[in-house]
Amino acid sequence: MAYCKSYGKDKVMFVTKKDHAETSNIKLPESEPQPGLLLSNGDINWNCPCLGGMATGPCGVEFREAFSCFHYSEVEPKGSDCYDSFKTMQDCMSQYPAVYNQNKDDVDPNMNLDLNIGDDFKDEDEPGSHSNEYADGEEDARAEKNSKALKSIPT
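The numbering used here puts the first residue of the sequence shown at 8, with every later residue one more than the last.
Keep in mind that the hints were calculated from the coordinates and are not lab data. Be aware that one or more of the hints could be misleading.
Straight-line Cα separation of at most 20 Å, PhoX-like style, residue types lysine-lysine; simulated pairs [unchecked claim]:
1. K34 with K12
2. K24 with K12
3. K18 with K34
4. K34 with K16
Remember, it's a predicted structure, so these values are computed and weren't measured experimentally.
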């Protein structure tokens, strides 16, 4: 004869071989569907654990604005119209380094690309079009460094 014993939130059922042979008549409650990042209607699920609390932190408003801008962006490349929102979010996050870790140890050392490309060039038609002339061999060293970093990225 089977019996059940409660231990706090847990219930333990003790059954006999005969009880095990019979089909169980226990009905489990229906599980609620766990939505991911996007709800069924296409809206963003701000409660998704995949966001890691970013939507509710000290820069939650800025994060939601930037993330929404990117999600609903229709321009190509996607999100290119969201620069101001992401800049505002980045400025906010820099004010809370304890919350938004900026530890350099978390950055992949193979990802040491030099991405200051916008500062290096002026209009190509102007004489002296490079605003940042490199020392002998420095430009080649930067290009080789970036090339090695790109090759190390798993595909």
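Results for each hint:
no. : hint         : verdict
1   : K34 with K12 : 18 Å, holds
2   : K24 with K12 : 18 Å, holds
3   : K18 with K34 : 15 Å, holds
4   : K34 with K16 : 18 Å, holds
Checked against the numbered hints listed earlier, the structure breaks none of them; every hint is satisfied.
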